Amino acid sequence: MRTKQMLLAFLMLLVGSSLMFAGTVSGKVTYTGTPAHQKPIDMSKEPSCAKQHATPVTTETVVTGANNALDNVVVYVSAGAPDEGQVPTQAITYTQKGCQYIPHVLAMHVNQEFDIINDDQTSHNIHPLPKVNIEWNKSQPPGTPPIKEKYDKPEFIEVKCNIHPWMHGYFAVLKTSHYDVSKEAGDFKLPNLPPGKYTITAWHEKYGTQTADVTITGNETKDVNFTFKATPY
Amino acid sequence: MRMNPLATRFASADFSGRVLTMNSLKPMRWIPCSAILGLVVVAGFAVRTFAQDAPDVGPKPRIVLKPMESHIGNITGHAADAKSDYRRYCAGCHGDYGDANGENAVWLDPKPRDFTTAAFKCRSTLTGTLPTDEDLFNTIGRGLTNSNMPVWNTFTKQQRADLVAYIKIFSPRWEHEKAGTPITIPPEPPITIESISHGKALFTKLECWKCHGPHGEGDGPSASTLTDSKDNPIRPYNFALGGNDSRFKCGNTNQDIYKIFMTGVDGTPMPSFADVIQPNEAWDLVHFLRTLQVHRHGKENEVLMDAHGVIPPYVDKNLAPAADNKTSGGGQ
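The listed protein sequences derive, respectively, from chains Y and F. Residue 1 is where the first sequence starts when you use my numbering, and the numbers rise one by one after that. Residue 1001 is where the second sequence starts when you use my numbering, and the numbers rise one by one after that.
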């Protein structure tokens, strides 16, 4: 009887902490100033890719949306995350399509396995350039199976294809799964945060990082907004 | 007696018995001070410009000599024994701290290897793994053609083994990781025109020509954009240069060429093809690459001469006719 009660209490605590008091941090990432002009990419040297784009795509160093929204910003819990060390098992993919990386920034947990896929009719070489993790460089011709990889240290890693020099992307290897990458409207959402104090960091490949501290006390949604100072160069 | 104004001020300050005030000091303080300051700035600028290196601030950190070892055959190398050899022969380019910041490094292209990353070009192991001691030992003895790394065949084997151990002190990877497993290279099949033809098809399909050029002359469409992992411009290998003496960076045997594309050249744009080329295909590619060395006398070029210098289009016997277009049309 007593064991049953304790089990029930434990279960309630577990459910309670994860559902009833799950806070959310959400907000928008915007910029002030003039963002860098993105140049159209000339893919004429790779016709199989060029024909996939009706209008030439541009570089993606700074991608913006309406109302000064800033895209491709990785927003994550940099301190206080309750899940550090819990490696998610779901597969995430990084696709090369039309000689572009989709997504442009792939966020992942340390040691989480991810698949690199070549959807093009041309060979790519995937050449991430880590400083902390170990560097490798692999060829992936069309029709070959996905390359499975993982990184064991947190780092923002630039990714290049040497064959198609315009291809640039990033891996954001984080110690947590509480992350989001801002989309077209610049918005992000970090749900399922139990009560506690957190540091939220926003990282942009050109404009650097910003942090904000939040305290979640219960079942609430905290608004956190980040504004980056955009420079044209 | 005439005195210049500055002298007057000196005189008044020194001999008139007046108490020195800030006001009385001002002119004589500023004139020599600004002159000295100007000299210092000019001298400092000159030093910086000509030395091409910022003067070091503060004491240099000590080099931590770890008890690293290397094993090549029955020779055991010890890091401690290579200390003076490294300082005398290697540090000038690779730097005291192995970070490729030696005083000659600024003048070199390609740049010296940075031992702190522990990424090496010539390996028998897969991309991203540490090379074997033997790989490093061979690199020192062979030198790196098309770079400033000389052939260190004046060293004894023991000296080279000691140096292999020494360069391990610069990266913590050598303490936590084991060297990769060398790839297995199957015995080389006979050189035939079919093998060369298949190799050419692979060269096209795997887009080797995008950098190395359609004739292996290092002039592919992406060649001019290439940079190494430190963002320094780098050239793809030109197979056509040189005659019988033309050398590859990581060794001149057919096995060495096989290793290059299967392991990749880490730190450069050259990727690993280990996951995408079958072992028997790899030999065909080696045979074709040899024919790109147009001025070299070798078995491959003889076979090509016997076929009147024409490489026939490759026909994959395993593929259904319907899929033929797909294989022969790739790339070029």
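Among the hints, a few may not be true.
Below, in silico cross-link-like pairs of lysine-lysine (DSS-like), each with a Cα-Cα straight-line distance of 25 Å or less [stated by the list, open to error]:
| id | chain 1 | residue 1 | chain 2 | residue 2 |
| --- | --- | --- | --- | --- |
| 1 | F | Lys1066 | Y | Lys150 |
| 2 | Y | Lys39 | Y | Lys229 |
| 3 | F | Lys1205 | Y | Lys148 |
| 4 | F | Lys1178 | Y | Lys153 |
| 5 | Y | Lys131 | F | Lys1178 |
| 6 | Y | Lys131 | F | Lys1230 |
| 7 | F | Lys1205 | F | Lys1178 |
| 8 | F | Lys1230 | Y | Lys153 |
| 9 | F | Lys1083 | Y | Lys45 |
| 10 | Y | Lys175 | Y | Lys222 |
| 11 | F | Lys1060 | Y | Lys97 |
| 12 | Y | Lys131 | F | Lys1060 |
| 13 | F | Lys1157 | Y | Lys148 |
| 14 | Y | Lys131 | Y | Lys150 |
| 15 | Y | Lys150 | F | Lys1178 |
| 16 | F | Lys1230 | Y | Lys206 |
| 17 | Y | Lys197 | Y | Lys28 |
| 18 | Y | Lys28 | Y | Lys45 |
| 19 | Y | Lys131 | F | Lys1157 |
| 20 | F | Lys1111 | F | Lys1060 |
| 21 | F | Lys1230 | Y | Lys39 |
| 22 | F | Lys1205 | Y | Lys51 |
| 23 | Y | Lys229 | Y | Lys206 |
| 24 | F | Lys1157 | F | Lys1066 |
| 25 | Y | Lys175 | Y | Lys28 |
| 26 | F | Lys1083 | F | Lys1111 |
| 27 | Y | Lys183 | Y | Lys206 |
| 28 | F | Lys1111 | F | Lys1230 |
| 29 | F | Lys1205 | Y | Lys131 |
The hints are simulated quantities; they were obtained by calculation from the structure and are not laboratory data. These numbers come from a predicted model, not from an experiment.
Point to revise | Numbers of the earlier hints that this structure fails to satisfy, in rising order | key: 1, 7, 9, 11, 13, 18, 19, 29
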